[in-house]
Amino acid sequence: MEVLEQLGLGFSIALTPQNLGLAFVGVFIGTVIGILPGIGPGAGVALLLPVTFGLSPVSGLIMLAGIYYGAMYGGTLTSVLINTPGESSSVMTTLDGYQLALQGRAGAALGIAAIGSFVAGTLGVVALMLAAPPIADLAVQFGPPEYFALAVLGLLTLSALSSTSMVKAVLMAVFGLAIATVGLDPLVGEQRFTFDNIELSDGIPFLPVAVGLFGIAEVLANMEIPVRLEPIKARLSGLMPTWQDLIATRFSILRGSIIGFVVGVLPGAGATMASFIAYGIERRSARDPSRFGKGAIEGVAAPESANNAATAGAMVPLLTLGIPGSSTTAILLGAFILYGLRPGPLLLSEHADVFWGLIASMYIGNVMLLVLNLPLVPVFASLLRFPYAVIAAGILGISIAGVYSLENSLFDVGIAVAFGVIGYAMKRFDYPAAPLVLALVLGPLLERSLRQTLTISQGDPAIFAMRPASAVMLAVAAVVLAAPLARGLLDRSPFRTRTRKELIP
Amino acid sequence: MTRADTVIGAGLAIAFFLFLVASTGLKYQSEFAPGPGFAPFWLGIVGTVLSATIAIRGLRAAPAPAFERRGVLRVAAAIVGLVVAAALAERLGFIVAMALYLAVVTLFIERMRPITALVTTSGIIVLIYVVFVRLLAVPFPQGPLGF
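Protein sequence lines, in the order shown, are assigned to chains A and B. Everything in the first sequence is counted per the working numbering, starting at 10 for the first residue and increasing by one. Everything in the second sequence is counted per the working numbering, starting at 67 for the first residue and increasing by one.
No lab work stands behind these hints: they were computed from the structure. For glycine and all other residues, C-beta sits at the position ideal for the given N, C-alpha and C. One thing to keep in mind: the hints can contain errors.
For the chain A half of the interface with chain B, some residues (derived, Cβ under 10 Å), not all of them [claimed, not checked]: (1) Asp194; (2) Pro195; (3) Val399; (4) Ala401; (5) Gly406; (6) Val430; (7) Gln461.
Bound conformation, chain B alone:
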């Protein structure tokens, strides 16, 4: 446990409490049996209690280990890149969006040399194309380039 668990526990307690409130909109009891709201109701209660326990325990714990700033920035960039690539997949084409994303990851996040980044990106894209498009005939969204 660290003090970060207080924040996480509090966040989860709120989420589970909202889940509990939402579950009250479902029938707790059907005619002869527990209804669709039965399990969510009890899961909401147990989840809220456990999350609150973690939040309280975290108050007495040591501080969380410090983030490595550059590392966190790399992670954030990779996540944002993934979201952007998924959003652009229908416009640019899935394969093109993935190629651009992997180029960004290898060049700017993993800081590979340009030639290594190019070879890595091309290799992975060719693998995806052969396995998923050629062998499995997955209909990826296509963009202006036909990929």
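Okay, chain A solo, but in the shape it has when bound:
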């Protein structure tokens, strides 16, 4: 009952004309961002965060969350129409979505994606609403060792999933942690690596780094190899899938929703992994797996449902523990902090209006997305014919103006440009940006909790093993770290090589 009362409070906040309008603007811009190449949900949230500064925290967060889950759907359009995923979480949708488009069924693919996203998004929010309060109650009992273990687990999982090379990904996480040490020490207030520069005493600001890595770097990378979009000429009218499509995909959507939410909750896993797992399970459980990759409608429904449910799942660790599980939720955490809020177990009790207002707006946003996406797909599809050069110039202009507006500081602009260049080099040579951003956000928490833990234990690291929750989380983190090493050793073993040679003549 209490949950329903609180949800009622949330709806009373989310249904004000201003917040309704902001939710609409958020999902609309998010959809456009998802469609446009070279700009993902992380970049979208980072670029538009400064625009929300004049708003109350709950209104700003409603808009930013709308951008986040709107972008998840927007990425589908490019997957289906040009065989190019707008986001990494839409990669699996290309496999069957594009094939359906080639068969003249682009409308059905996009329609089922919209319906699946709506169902999964709504179920995901229900699960978030039910799961968050007990997790927050549990998290109140967490101390520094548990927070340290959780942050380590999140960082390592994201590193393991964000690059083909674990060494490169972990190095980027270490790079992010190193940057996070610049400025005042979080416990004793001593200056570190500031070189007597007053601008550095507050540390390297997070948002200019995120804008540089996700916004400017993406534009620079696309300047080197220009983007050419050639959408197939597909009939987009009649977006409603057939009755047979709906029957065929009902369990795919349900399975995708459950998988998406559960995977989204895991630190570091996120929407991309959720869509991969959902697609894999769907293919394995199909009566005729050979249809997959050739235009199976279930191959669109499952990953699209999973990636939308994962956005709600990813909100669980963010809102209840203050631990983001992906680069986009890391940027959302940055937004909370810039608004003067601290996500975590106390958010529910201290800022119930923000928590429940955000949840209620996600219900409303999902309805808006469905209403927007079914009739407006042809309009959104026309954006694919928009010259990328114009988008690139727009991203550069808004990036620089947005970063300046944070602190009215050209120093921040310099940081954004510097990280734009670093991010471009990282993209060019396959170094993932997500672990760096997550590490920069989690760095102070990680260091503070580690040092507090060692203070409590008088320097004895065995404390991490003595506390059950931290022991389990660190053990899982060790498995995540060791898995690629074990796989590498196994690949090189004479037995494995011989077996492969026997199998592959």
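Once you've looked at the hints, dock chain B against the given chain A.
Just chain B, lined up with the frame of chain A:
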């Protein structure tokens, strides 16, 4: 991994080693707890080891894919332009510096037709002006033109 990783790994190993050396100037241990130098020290060690690993692995890898010369020149021009625009923002005014930069990007880097470049630049500048100056009242540096 490519051979370019050897250069990148070596560069990062040097940077992390310098970071490690700098961290030794901070207190490793406070009275009852690890001090401000504790985390940087260990990050310096881990960073140096991982960077060196990448540098060594790169030695055995295939050569990096060749750069597309014109593409790299476009990127370099965009970066130099950004730096110049940021440097001129206080003298010329932020909006004017951004307008000049976007004009250079659209005309010379993206090679748009002059009319398209003009429309694109003007559209973006008007958007920035309306959102950031009018709605958010951001005090951008102003130049002789009052922008």
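Violated constraints from the hint list, given by number and in increasing order: none
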